[in-house]
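Please build the complex by placing chain B on the supplied structure of chain A, with the hints as guidance.
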Amino acid sequence: MQLSRTSRWSLRTITYLTIGLVYLPLAIVLVLSFNDSNALVWPPRGFTTHWWSTLADVESAREALATSARIGLVAMLIAVVLGSLLAFGLQRFEFFGKNAVSFLAVLPIALPGIVTGVALRNTFVRFGWDLGYLSVVVGHATFCIVVVYNNVVARLRRMSPNLREASADLGAQPWQTFRYVTWPLMRSAVAAGAILAFALSFDEVVVTTFTAGAGVSTLPQWILNNFSRPNVLPYVTVVATIVMIISLPIAWLAQRLSDGPRER
Amino acid sequence: MVSGPVLWLVVVYLGSLALLITSAFFRLDDFTGKSTSEWTLANLDEAFTTGAYRTLVVRSVLIAAAATATCIAVALPVAFYISRLARPWAKRGLVVALTIPLWAGYLVKAYALRAIFEPGGANGGGFLNSVFGGSPGFGYTATIVTLAYLWFPYMLLPVYTGFERLPDSLLDASGDLGAGTLRTFRSVIFPLLIPSIAAGSIFTFSLSLGDYITVKVVGGTTQMIGNIIERTLLAPNQPLAAAFTLWPISIMVVYLVVMSRLGAFKNL
Numbered sequence: 020m021q022l023s024r025t026s027r028w029s030l031r032t033i034t035y036l037t038i039g040l041v042y043l044p045l046a047i048v049l050v051l052s053f054n055d056s057n058a059l060v061w062p063p064r065g066f067t068t069h070w071w072s073t074l075a076d077v078e079s080a081r082e083a084l085a086t087s088a089r090i091g092l093v094a095m096l097i098a099v100v101l102g103s104l105l106a107f108g109l110q111r112f113e114f115f116g117k118n119a120v121s122f123l124a125v126l127p128i129a130l131p132g133i134v135t136g137v138a139l140r141n142t143f144v145r146f147g148w149d150l151g152y153l154s155v156v157v158g159h160a161t162f163c164i165v166v167v168y169n170n171v172v173a174r175l176r177r178m179s180p181n182l183r184e185a186s187a188d189l190g191a192q193p194w195q196t197f198r199y200v201t202w203p204l205m206r207s208a209v210a211a212g213a214i215l216a217f218a219l220s221f222d223e224v225v226v227t228t229f230t231a232g233a234g235v236s237t238l239p240q241w242i243l244n245n246f247s248r249p250n251v252l253p254y255v256t257v258v259a260t261i262v263m264i265i266s267l268p269i270a271w272l273a274q275r276l277s278d279g280p281r282e283r
Numbered sequence: 183m184v185s186g187p188v189l190w191l192v193v194v195y196l197g198s199l200a201l202l203i204t205s206a207f208f209r210l211d212d213f214t215g216k217s218t219s220e221w222t223l224a225n226l227d228e229a230f231t232t233g234a235y236r237t238l239v240v241r242s243v244l245i246a247a248a249a250t251a252t253c254i255a256v257a258l259p260v261a262f263y264i265s266r267l268a269r270p271w272a273k274r275g276l277v278v279a280l281t282i283p284l285w286a287g288y289l290v291k292a293y294a295l296r297a298i299f300e301p302g303g304a305n306g307g308g309f310l311n312s313v314f315g316g317s318p319g320f321g322y323t324a325t326i327v328t329l330a331y332l333w334f335p336y337m338l339l340p341v342y343t344g345f346e347r348l349p350d351s352l353l354d355a356s357g358d359l360g361a362g363t364l365r366t367f368r369s370v371i372f373p374l375l376i377p378s379i380a381a382g383s384i385f386t387f388s389l390s391l392g393d394y395i396t397v398k399v400v401g402g403t404t405q406m407i408g409n410i411i412e413r414t415l416l417a418p419n420q421p422l423a424a425a426f427t428l429w430p431i432s433i434m435v436v437y438l439v440v441m442s443r444l445g446a447f448k449n450l
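Line by line, the protein sequences give chains A and B. So the mapping is simple: the numbering used here equals the position in the first sequence, first residue as 1, plus 19. So the mapping is simple: the numbering used here equals the position in the second sequence, first residue as 1, plus 182.
Pulled out of the complex, with its shape left as it was, chain A reads as follows (with noise of 0.2 Å):
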């Protein structure tokens, strides 16, 4: 398509300036980890490594880190086993009330959280289970499944029948064609799938919120409840700043991973 000089510098300045826009608060944030002061304002007053080098004795921070990986962790294997079973099944058989099914399978992420988490919350009360970790992972897990489980199904549709016919046509029982044709070719979208479950556990908030119970303290909670802390506060930006930091390999990885083989 022809564009005009202008239309082409133009859409690349857009371009280019959303991502500027886009890392402009997180550049904030990890500016704002070394700022010598305890509110989030602007421009720093001093610099200082203190918040970054007591962080270890925030103990606080290290309990909930430790929770967020466990609930992200369990959330993230029921979720990859619901996820890649309900992928595989809806993909490969034709049965009553398909269409039915796949709706429901995005419904989770296409209502906002908070009904989710108002309803889940509504469900333990009622039955008199306590809230706590068995809940807020039944929470995750739910949203979780259907992460994994629209990766997967994306693999899967651009997967050719023909693979699986060739290999019938060899003699492989299904089991075989599973093992050899089929798993190989999935295995990376159910890794990214994994990966993508356990980033949105570890970053939820308001399922956890009302699926919580007093004993539960998350990451993000931990957050929420410090930003009003001054003394605390910068020890804030000191673990977003980690967690970006962490993040960032790992969502390369993902995507990587999603891509899938041979397409590059």
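Read the hints as simulated data drawn from the structure, not as lab findings. Where is the CB? At the ideal position from N, CA and C, for every residue including glycine. Careful, some of the hints might be misleading.
FRET-style restraints, in silico, Cβ to Cβ [unchecked claim]:
#1 B:Asp354 to A:Ser29: 34 to 44 Å
#2 A:Ser29 to B:Gly275: 13 to 23 Å
#3 B:Pro301 to A:Asn118: 49 to 59 Å
#4 B:Glu228 to A:Ala119: 28 to 38 Å
#5 A:Asn181 to B:Ala417: 53 to 63 Å
#6 A:Ser247 to B:Gly321: 53 to 63 Å
Showing chain B alone in chain A's frame:
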């Protein structure tokens, strides 16, 4: 094979939603703060006919729509540039660069934008205030910009994929038939991208509509439907809170139906 996950989604998720909806019809015992087993329509009546609540719902929908519109307005030129003008080796990097911030933490970004919009005061000023000498402060603008910022990647990805699927020949044909850039965009590109935009908008709209934390962080005194649900639930008035959740549920069901008519589900 499908029964395990379906059972989870049906029993845990739909079961909870059904329980939530029925709980809106129970009367609250004012004395104990717990819901009784007496049926009543009073909660629904209060949630759906009170003028103040209706205004709040309309405001939430408008904020979510404005955030979605902002995402569309930015995603279209950016996705167009990456898909058609960027060098092949740069494409991947640009897409990753724009989606990675999704991983940086929702609260962290919300508070970072608070530091940007901070109108200044006893503690000093915010970023906009000290660098550009003025800030819109906390309110509608800050809320809409923050929501758009938070959910932008959800719009960019489907729109970019949509652009990648557009055959070059269509754009060339449009040019050959004498259409200028804007005309090609309006008559060829945009109609073909509607399913992708619809798919992205499900996320940006839904996530914005139900958000009550962003508006607390950067909205000043602005309130959205989520704030009322949270406050009512903790009051505690579970039945009335359940009645309030019928607002986002019904709005999203209507929204999903409209978007699926536009072809959104083929692009999710």
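Hints, verified against the model:
For the pair Asp354 of chain B and Ser29 of chain A, the supplied restraint of 34 to 44 Å is violated, since their beta-carbon distance comes to about 21 Å. Between Ser29 of chain A and Gly275 of chain B the Cβ separation comes to about 21 Å, which falls inside the hinted range of 13 to 23 Å. Between Pro301 of chain B and Asn118 of chain A the beta carbons are some 50 Å apart, a value that agrees with the proposed interval 49 to 59 Å. Take Glu228 of chain B and Ala119 of chain A: their Cβ atoms lie about 33 Å apart, and the range 28 to 38 Å holds.
At about 60 Å, the CB distance of Asn181 of chain A to Ala417 of chain B agrees with the hint of 53 to 63 Å. A hinted range of 53 to 63 Å is violated for the C-beta pair Ser247 of chain A and Gly321 of chain B, which are about 20 Å apart.
Comparing the model with each earlier hint shows violations of hints 1, 6; every other hint is respected.
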